[in-house]
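Protein chains: 2
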Amino acid sequence: MNKVAVIVAGGSGSRMGTAVPKQFLELKGKPVLVYTVETFFRAFADIKIILVLAPDFVLQGRDLIKRYFEGSNIQIAEGGNSRYHSVQNGLKLVKGEAVIFVHDAVRCLVPENLIQRCYQEALQKGSAVPAIPARDSIRMVEGNKSKVVNRDNIRIIQTPQTFRSDVILPAFQQPYRDSFTDEATVVESSGKDIFLTEGEETNIKITLPADMLIAEKILEERRMA
Amino acid sequence: MNKVAVIVAGGSGSRMGTAVPKQFLELKGKPVLVYTVETFFRAFADIKIILVLAPDFVLQGRDLIKRYFEGSNIQIAEGGNSRYHSVQNGLKLVKGEAVIFVHDAVRCLVPENLIQRCYQEALQKGSAVPAIPARDSIRMVEGNKSKVVNRDNIRIIQTPQTFRSDVILPAFQQPYRDSFTDEATVVESSGKDIFLTEGEETNIKITLPADMLIAEKILEERRMA
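From first to last, the protein sequence lines stand for chains A and B. Residue numbers for the first sequence follow our numbering, so the first one is 1 and each next one is one higher. Residue numbers for the second sequence follow our numbering, so the first one is 1001 and each next one is one higher.
Among the hints, a few may not be true.
[Stated by the list, open to error] Example chain B residues on the side facing chain A (calculated, C-beta under 7 Å, incomplete): (1) Asp1046; (2) Asp1136; (3) Gly1143; (4) Met1212; (5) Leu1213.
The hints are simulated quantities; they were obtained by calculation from the structure and are not laboratory data. All residues carry an ideal CB built from backbone N, CA and C; glycine is no exception.
Next up, chain A with everything else stripped away, as it sits in the complex (with noise of 0.2 Å):
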């Protein structure tokens, strides 16, 4: 089966208190986003990467494609308003049958057996979404109120949310909804259901600065491991 990499990049960088947006960012004297798209091409060389970017990083990613990944299968789309509107303009460029995955610039530390992982289950079961244990006790409030939830049956969701390209792409012919928080929650709305994966803990999303120093210690520990 084709398989199809829409990989998000729509951040400005604004929680970062940085004016490089945090996918441009050098860990380890590389862009944070190398990393990704290499790792999506280690897990499968005959990848179709889709870059979406925010209008005023186009120039910048272009660049970047040149300088890391000249002759690559690698396009770029445009990011709209919303999540989803970036998906949905990255997904405008998958043609034919595919498995695709859709995944947070950010989380440059996906394992490549996540990935390989992901394609398997949702090529079986339409859909594979990484999801790690809650570390902490949770809570729901209601109003002023708030109620425990048994921590047991909480999952903190992680990328590539991977799905079939006919379960996902119907799901994008929706109109827009608020509830649409990710891939997930729009095709859940579509009437299909979710398949939850074991995600990694190491599959952290690079958003306050301390995350660029923890991401490069991870790093240093997969070289010695």
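Let chain A serve as the given structure and place chain B on it in line with the hints.
Using the frame of chain A, we list chain B on its own:
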């Protein structure tokens, strides 16, 4: 009102993969636990500290108190088989009316002003439990299905879980149940409401090796601020 902090350090270090439990690991030259205790003393000079330690680490705890807190109002209690039993042992050393903080020893970066705010709010409402919003999508599993949870309603719970003594002490007279995963669940099960207060992103729990590095980074940033 009297102030008592029950600082729970029951761990034996298995998740860190180190021989030394994480509360005794050195962070920039000082054990994690020392930061925690110092911060409570800085928040309230008249506070009493009850340190709950696994029986095998009581001697090490005594040495640490002698070295860093000689002459301070600090007592040791022995940990039990569960978080509930450990806290219960600590609470037995509370005399008279008080506002009682129950805090994870490994949350060594707890800000002073969070402790002070928890005090004020618990004094007034009976409880104050710090909580932060979720950064990722959250789902709840039911059998082999899962459904999305509105992330806006989810709160990740931190410590110090803070209570007036008339709220927490009767709650810890209840027979143990497996659902007692933190102090809030114990108090809630006794029929009292739990009030949340805004936690702090940097009030992290040192659980995994990379957390030590994050903690160092946060300390360095605070010193520069």
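Identify whether the interface hint at B:Leu1213 stands, where standing means a beta carbon of chain A within less than 7 Å of its own.
The hint holds - B:Leu1213 has a Cβ within 7 Å of chain A, the shortest such distance being about 5 Å.
Minimum Cβ distance from B:Gly1143 to chain A below 7 Å?
Because about 10 Å separates B:Gly1143 from the closest Cβ in chain A, which is outside the 7 Å limit, the hint is violated.
Residue hint B:Asp1136, partner chain A, criterion CB-CB below 7 Å
holds, 5 Å
B:Asp1046 as chain A interface residue, shortest Cβ-Cβ below 7 Å:
violated, 29 Å
Proposed interface contact between B:Met1212 and chain A, which counts if any beta carbon pair is under 7 Å
violated, 9 Å
When held up to the earlier numbered hints, the structure conflicts with 1, 3 and 4 and fits the remainder.
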